[in-house]
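Peer 1: Chains as they are written, first to last, in the working numbering: chain A, 56 to 175; chain B, 12 to 525.
Read the hints as simulated data drawn from the structure, not as lab findings. Wrong hints could be hidden among the right ones.
Stated by the list, open to error - Taking lysine-lysine pairs in the PhoX-like style, the calculated list, with each CA pair at most 25 Å apart, reads:
1) B/Lys470 x A/Lys84
2) A/Lys139 x B/Lys212
3) B/Lys289 x A/Lys90
4) A/Lys82 x B/Lys470
5) B/Lys466 x A/Lys74
6) B/Lys463 x A/Lys84
7) A/Lys74 x B/Lys289
8) A/Lys137 x B/Lys212
9) B/Lys265 x B/Lys509
10) B/Lys253 x B/Lys265
11) B/Lys475 x A/Lys82
To be verified - Derived coverage of chain A by chain B (criterion: at least 3 residues anywhere in the stretch with Cβ under 8 Å from a Cβ of chain B; other residues may be distant):
12) 76-82
13) 86-100
14) 158-169
Said to hold, decoys possible - Partial selection, computed: residues in chain A whose CB lies under 10 Å from chain B:
15) Phe73
16) Pro110
17) Gly111
18) Val132
19) Ala135
20) Met136
21) Lys137
Computed from a predicted model, the values in this text were never measured in an experiment. Glycine included, every Cβ here is placed at the ideal spot set by N, Cα and C.
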Amino acid sequence: MKNIINKKKDVEVNETSFKNLNIEGVKYKTSLTSKFERRKKWEIPDGTKVYSFIPGTVVKLFVNEGDKINAGDKLMVLEAMKMKNNISVPFCAKIKKINIAEGERIPKEHLLFEFELTED
Amino acid sequence: MSLKRKVLELKKRRDQVLLGGGEKAIEKQVAMGKLTARERILALLDKESFHEYDMFVEHEARDFDMDKKILHGDGVIIGTGTVYGAPICIFAQDFTVAGGSLGLMHARKITKIMDHAMKLRVPLIGINDSGGARIQEGVNSLAGYGEIFFRNTAASGVIPQISVILGPCAGGAVYSPALTDFVFMVDNISKMFITGPEVIKTVLGEEISMEDLGGARVHSEITGNAHFFATSELECFDQIKKLITFIPWNNSKKALAFAPKKPKSKYKIESIVPGDPKLPYDIRDVIRAVVDDSDFFEVQEYWAANIVIGFGRINGETVGFVANQPLVLAGVLDVDSSDKAARFVRYCDAFDIPLVTFVDLPGYLPGVDQEHAGVIRHGAKLLYAYSEATVPKTTVIIRKAYGGGYIAMCSRHLRADFVFAWPGAEIAVMGPEGAANIIFRKEIMEAEDPEKMRKQKIKEYKDKFANPYVAAAKGYVDAVIDPEETRKLLVHAIQVSKDKTVYTPNKKHGIPPF
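The shape of chain A in the complex, shown without the other chains (with noise of 0.2 Å):
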């Protein structure tokens, strides 16, 4: 938010505190946004951990450490926004750790189970 300030005087240009953008096997000399400092960078999804995609309450598990769960099965019941939400599996795995109890109250993006891949 300091930009909005700084930009308010009129801007140097001072060559020192320009940094490289690089285009096309190009190095720019230029200033960086914000936003594009903030930007997240990719990375591959690690398909054998749960995240939680809103925060909320933990309702209700259905499942242990060490379980053997099939496409399709119920994992928890995440109350977020009022809303009871069923959280299930899309594929076949085995539990190999559950980070969270009922009744926690539990974060955005907070890792929720950890599974271990199964042939079948």
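Take the given structure of chain A and dock chain B to it, following the hints.
Peer 2: Chain B in isolation, oriented as in the chain A frame:
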């Protein structure tokens, strides 16, 4: 009762309404650092030009003991006036009356003045300062918003619509400003959001202040909802007045012409732009070097600053400028900058404002975040807007015009009327470095000294293609010009394009990618 006594009675009634929500509520408004609705109207419009209507309107709500409450003017002031002599319809929500909440009669007053603005074909200014829907009036209040949104859309492109956010504007209410042409916000006073901090805390557990959620800075820099940022209400009013001087009253009129003025001598066009295309400079100085009195009025200055949009005058007439900004992100096109420029192009086209485009860009911003944010869909908006626009379009290629960026920035192919290029312009499918690496990959790889070969091939490519003459040989560029001639040619291009006519096939409307 004599007429004189009746006039006294009228005065008494008026004085009551003029107090709005009463002295205590006014004190509160002042304590928040805000002007009252009436003070705002008076500060914005020409002296003694404001005339108020529907002063004695009363609400009709009967439930929840509302029948015992008197809400002067039902929390909104409407009227007509002038700004620098230009006729204006205006409404201002009065926060001192029931928090400026919107009930049925409040909405009817707003829609009445909107209908007036459409009939009279004059600009509409709306000052928003409201707690939102008046809950006691239930669905009537929602109906009120809907009627306003419908009129905003119907008036879009017919009369200029200006929204001024001077207080809260939350929930559904935000969509009226969002449908209008220009949104003005003031630091620490304006707040816009769909769901407020309290709801976000309850359902999501995230804590955030109103200012950080939807203050003027957020909407000016991050969301792009706001077009103008001011640090005080008075500065905001000056910005509105200045904007009014640049735009026409409606879509069948031209913007008022001013006496032509020369640009200020301190903006010397040749000394602004470095020869090396990798070095930055402020494109706004180039615009200042060609517009009358070097007066460039920038729109959305802080959002997507890698593209610059705004108004200036050439030989006294309003022109809309779109220009890549090498100072920020090397002037690339990306999701936000395409969106920003496309909407501005459509604005200028709707209101018959000629467009001038300055081109200096290395291409599109690479990155997963850009691709996943839909740079294809958003980038297409700019192509659509330029292709569709039938106002006079003049393009000046300053340095780099590579690849898809060259096409998108109002090229000949999107029907620019005139394309000029400075002698240092590089119009090519990509920058020499990238192109040489692809075309001469084999030679470079097989060379004894690949680095030396790469440099040699880059130079070869540069000498052959990194200039404006290849495009000029095909007629894609109309003239290669001395930078000093830029203003002269812009004056001429706009002068000869006055009666430009384009025949387009009959259609209900196109389907732009939004």
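Peer 1: Next step is simple, just say for each hint if it's right about the structure.
Peer 2: A quick look at each hint next to the structure:
1. B/Lys470 x A/Lys84: holds, 20 Å
2. A/Lys139 x B/Lys212: The hint holds at about 18 Å.
3. B/Lys289 x A/Lys90: holds, 22 Å
4. A/Lys82 x B/Lys470: Roughly 17 Å separates the two Cα atoms, so the pair holds.
5. B/Lys466 x A/Lys74: holds, 23 Å
6. B/Lys463 x A/Lys84: holds, 24 Å
7. A/Lys74 x B/Lys289: holds, 11 Å
8. A/Lys137 x B/Lys212: Distance ~13 Å between lysine 137 of chain A and lysine 212 of chain B Cα, so the pair holds.
9. B/Lys265 x B/Lys509: holds, 11 Å
10. B/Lys253 x B/Lys265: holds, 16 Å
11. B/Lys475 x A/Lys82: holds, 21 Å
12. 76-82: It holds, with 6 qualifying residues against the three required.
13. 86-100: n = 9 at 8 Å, threshold three: holds.
14. 158-169: holds (count 3)
15. Phe73: Interface hint status for phenylalanine 73 of chain A: holds (6 Å vs cutoff 10 Å).
16. Pro110: Nearest chain B Cβ about 5 Å off; hint holds.
17. Gly111: holds, 8 Å
18. Val132: violated, 17 Å
19. Ala135: Holds - the Cβ of alanine 135 of chain A comes within 10 Å of chain B, reaching about 7 Å at its closest.
20. Met136: holds, 5 Å
21. Lys137: holds, 7 Å
The structure shown violates just one earlier hint, number 18.
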